[in-house]
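Could you slot chain B onto chain A? The hints should help.
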Amino acid sequence: MSEELKKTDAKELKDDDKNKPAPAAAEPVEPAQIKADPSKTHVVATWKYERPLTACRFDPLGRYVFAGTEDYTVQRFDLKDGKPTPLLGHESWCRAIGFSPDGKATFTGGYDGRLLWWQTDADSPTPLRAITAHNGWIRALAVSPDGQQIATCGNDHLVKVWNAADGSVIHTLTGHESHVYNVAFHPDNQSLVSCDHRAIFRHWNLSDGKEVRTFSAPTLYKYDDKFRAHLGGARSLAFSGDGKLLVAGGTTNVTNALGGILECAAASFDWESGKQKLLHVTKEKNRGTIWGLAWHPEGYWIGMSGGRNALLVFWKPDQAEEFAKFAMPEIGRDFALHPDGLQAAVAMAESQVRICRLTAKA
Amino acid sequence: MKCDYACGTAEHGTSRRQFLGGLATGVGALTLGGSASWIPVAAAEQLKQTQKRILTFFLHGGVSQLESWDPKPNTVWGGPFRSIATSVPDIRISELLPFTAQQMHHLSLVRGINTKNSGHGPGQIQMTTGRNPMGAEQPHLGAVAAKALTPDSFSLPGHILIKGGGSSGGAAAYLGPRFAAVTLEDGKAPQHSQLPNTVSGEAESRRQEFRRSANDRFAGRRRTADTDAYTLSFDQARELMARREVFDVSKEPARDHELYGKSEFGQHCLLARRLLEEGVPFVQVNHSNYDTHYENFDYHLEQLGEFDRPFATLVNDLHERGLLADTLIVVMSEMGRTPKINPRYGRDHWGTAWSVCLGGAGVARGAVVGKTSSDGMKVVDREVDHGHLFHTYLQAVGVDTKQEFVIGGRKFPIADPAKGPISELLA
Numbered sequence: 001m002s003e004e005l006k007k008t009d010a011k012e013l014k015d016d017d018k019n020k021p022a023p024a025a026a027e028p029v030e031p032a033q034i035k036a037d038p039s040k041t042h043v044v045a046t047w048k049y050e051r052p053l054t055a056c057r058f059d060p061l062g063r064y065v066f067a068g069t070e071d072y073t074v075q076r077f078d079l080k081d082g083k084p085t086p087l088l089g090h091e092s093w094c095r096a097i098g099f100s101p102d103g104k105a106t107f108t109g110g111y112d113g114r115l116l117w118w119q120t121d122a123d124s125p126t127p128l129r130a131i132t133a134h135n136g137w138i139r140a141l142a143v144s145p146d147g148q149q150i151a152t153c154g155n156d157h158l159v160k161v162w163n164a165a166d167g168s169v170i171h172t173l174t175g176h177e178s179h180v181y182n183v184a185f186h187p188d189n190q191s192l193v194s195c196d197h198r199a200i201f202r203h204w205n206l207s208d209g210k211e212v213r214t215f216s217a218p219t220l221y222k223y224d225d226k227f228r229a230h231l232g233g234a235r236s237l238a239f240s241g242d243g244k245l246l247v248a249g250g251t252t253n254v255t256n257a258l259g260g261i262l263e264c265a266a267a268s269f270d271w272e273s274g275k276q277k278l279l280h281v282t283k284e285k286n287r288g289t290i291w292g293l294a295w296h297p298e299g300y301w302i303g304m305s306g307g308r309n310a311l312l313v314f315w316k317p318d319q320a321e322e323f324a325k326f327a328m329p330e331i332g333r334d335f336a337l338h339p340d341g342l343q344a345a346v347a348m349a350e351s352q353v354r355i356c357r358l359t360a361k362a
Numbered sequence: 363m364k365c366d367y368a369c370g371t372a373e374h375g376t377s378r379r380q381f382l383g384g385l386a387t388g389v390g391a392l393t394l395g396g397s398a399s400w401i402p403v404a405a406a407e408q409l410k411q412t413q414k415r416i417l418t419f420f421l422h423g424g425v426s427q428l429e430s431w432d433p434k435p436n437t438v439w440g441g442p443f444r445s446i447a448t449s450v451p452d453i454r455i456s457e458l459l460p461f462t463a464q465q466m467h468h469l470s471l472v473r474g475i476n477t478k479n480s481g482h483g484p485g486q487i488q489m490t491t492g493r494n495p496m497g498a499e500q501p502h503l504g505a506v507a508a509k510a511l512t513p514d515s516f517s518l519p520g521h522i523l524i525k526g527g528g529s530s531g532g533a534a535a536y537l538g539p540r541f542a543a544v545t546l547e548d549g550k551a552p553q554h555s556q557l558p559n560t561v562s563g564e565a566e567s568r569r570q571e572f573r574r575s576a577n578d579r580f581a582g583r584r585r586t587a588d589t590d591a592y593t594l595s596f597d598q599a600r601e602l603m604a605r606r607e608v609f610d611v612s613k614e615p616a617r618d619h620e621l622y623g624k625s626e627f628g629q630h631c632l633l634a635r636r637l638l639e640e641g642v643p644f645v646q647v648n649h650s651n652y653d654t655h656y657e658n659f660d661y662h663l664e665q666l667g668e669f670d671r672p673f674a675t676l677v678n679d680l681h682e683r684g685l686l687a688d689t690l691i692v693v694m695s696e697m698g699r700t701p702k703i704n705p706r707y708g709r710d711h712w713g714t715a716w717s718v719c720l721g722g723a724g725v726a727r728g729a730v731v732g733k734t735s736s737d738g739m740k741v742v743d744r745e746v747d748h749g750h751l752f753h754t755y756l757q758a759v760g761v762d763t764k765q766e767f768v769i770g771g772r773k774f775p776i777a778d779p780a781k782g783p784i785s786e787l788l789a
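Line order of the protein sequences matches chains A and B.
For what it's worth, the working numbering labels the leading residue of the first sequence as 1, then goes sequentially.
For what it's worth, the working numbering labels the leading residue of the second sequence as 363, then goes sequentially.
Bound-form chain A, shown alone (with noise of 0.2 Å):
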């Protein structure tokens, strides 16, 4: 990290010392106070790897970015300083990662199919579970809201929910008929949904793992005729916070997928009906994935556009194009909402994560 980001960075910490607890406390870390002004983002810091990068989460404290990359590793950066620390275990590239909400233990899913257990802080971090979950690729996981279960995907068409505790497997989900994409719990505790490169959802009861209900999103898929493919599915997904929304992003009106000449979307559902409410797009197309999405506390959604650069995109719930946008040159890959709600991380293609900060420069 340069001096010059150094003390943007120590800067935008110091604001944020005001109001909230630091990031690196061992506290859950509360919403932060102020109000995040998305049409104010700027980049804060940017964190040089030697490798491309392609997945970002923050854990629960705050305290780190763990960002998977194309050398097998996921890299553990350090938020006070963006100094990096390897996750050694995966034999493929790792694109899903998640914590149990305390936040000590941090859970990823690699594509050689393995899902493994890490003590999230640890200073030489050492898989303390492996498990070979699926056969092919995990593709995304995640965490039930009271930490007990994680779900998986992959691209064996299974879903599947483990105990966290243990390591054990609780459901095996069948049904969908290609790669599952992605996984999402409702944070009622009691659902699971389930998408597929089809866009097909499929919504999982938790207490029987019976299916209870499947709907599609036709506006992220297509057979292309001249391909002769499949074209879609969600490479993100996100409930909003009160359970009412699902959201999943995506391409849309794609002509060309095989050579980028689509573009990014999210749709949105009301998850009562499953019923797609509005496809949220951009005003000016861009050619690009909703490759990372996430609910805002404030009451809005983030999609992260990777595809010709960058592109933080912000949609009100009820409003099919952005109230705002961020875009930066590189292209990103993955994005990761803070539990602050005031910062965010992109990992880009080209080797480096970029922190954003959602309010005014100081």
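Hints were generated in silico from the structure; no laboratory data involved.
All of these numbers come straight from a predicted model, not from anything done at the bench.
Glycine included, C-beta positions come from ideal geometry on N, C-alpha and C.
Watch out, some of these pointers could steer you wrong.
What the simulated footprint calls covered on chain A by chain B, stretch by stretch (three residues with Cβ under 8 Å from a Cβ of chain B suffice, anywhere in the stretch; the number is not a length) [claimed, not checked]:
#1 166-177
#2 214-222
#3 249-259
Listed below are the simulated DSBU-like cross-link pairs for lysine-lysine, each with C-alpha atoms no more than 30 Å apart in a straight line [to be verified]:
#4 A:K226 / B:K478
#5 A:K35 / A:K244
#6 B:K550 / A:K222
#7 A:K222 / B:K624
#8 A:K83 / B:K702
#9 B:K740 / A:K48
Same frame as chain A, but now just chain B:
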């Protein structure tokens, strides 16, 4: 170059019928400006038994060598897929091809291809004609194979393209339209190969009689290669209409449909088997969607996932039916893909260091020829190109590629005279 033998030369007089007749009786053989000693067959039955065939799979868009035949896991540009062991010790291929891996003992790999080209159009020309795209049009491998391998009195086309995506191609150039590809769009029988319900059999007979009469009259004064091809196309079409069920893959047993799978590509592989069993000398099966500038890994997962099982099933099936020894199989693309992964998880065009898979008739089994650098950026051992491959394919099925076609008094080398076969691959 266009075929035009309206010149009254002797070669004109010894065109298709005599050429094929010679082949069938072992008397004359091909119009190759002299000897044509390959396929020394004397009887129809023997011809059937030793009939050489070529089956190519063209993976349109440019399949990634790193996600198929030359994986380099855990290297700087290796990508997320791992390599897996195959039925041949020391040969590992991408984990995206688990069924093919079990058939590797029937197959070989050429990993040192440098075609010095990274474009779709030029690459397709290079890989299907064995020449660079300059000057006169050159015949497609299928046209050459059809001319060289089609038995006498063969009532089906000698050059068939089963098209499921991808472009058509299959030009015969100077060999004449007789040898151009007959395309089975979506694996369906050729268009208009069924007599309309409104035309009775009697009316059809009268119609054909009148057509023949008019043709003969015209040909007596102004016969050319094109008019011959035109006439032939009618004869062939009638034969084809009579044997239309050859193209009906639904006639295959249910068990085989189960084996090959219900995907479009699986059905096309089963149709290819059906055509090869009928003795069609050249069949190309297209599979598209490999031009993955965006999300290369997701789409290779999808496409090779569709390719792998039917392809491996067909290789094994041909072996078990005793056809593999006489059928050359080639899996090719117009190029490979860049080792470097672009920011959109894509790989771009790359003709500098890539691979082809082949097996069956006339080639060594379980061999690897050529090697790329650890980062996949260049060939470091036994560099070859499309010219060498073209010689290899044809010599594997018995064609002497140092010979020439003589068309209209002009000589056309069958393959690039500046190149030769990959000799260590020939069995």
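Against the structure, the hints:
1. 166-177: It is violated, with 0 qualifying residues against the three required.
2. 214-222: violated (count 0)
3. 249-259: Holds: 3 residues of the region 249-259 of chain A have a Cβ under 8 Å from chain B.
4. A:K226 / B:K478: Holds, at roughly 28 Å.
5. A:K35 / A:K244: Roughly 23 Å separates the two Cα atoms, so the pair holds.
6. B:K550 / A:K222: 24 Å, holds
7. A:K222 / B:K624: 20 Å, holds
8. A:K83 / B:K702: Measuring from Cα to Cα gives roughly 27 Å; hence the hint holds.
9. B:K740 / A:K48: Given pair B:K740, A:K48 holds - Cα atoms ~28 Å apart, limit 30 Å.
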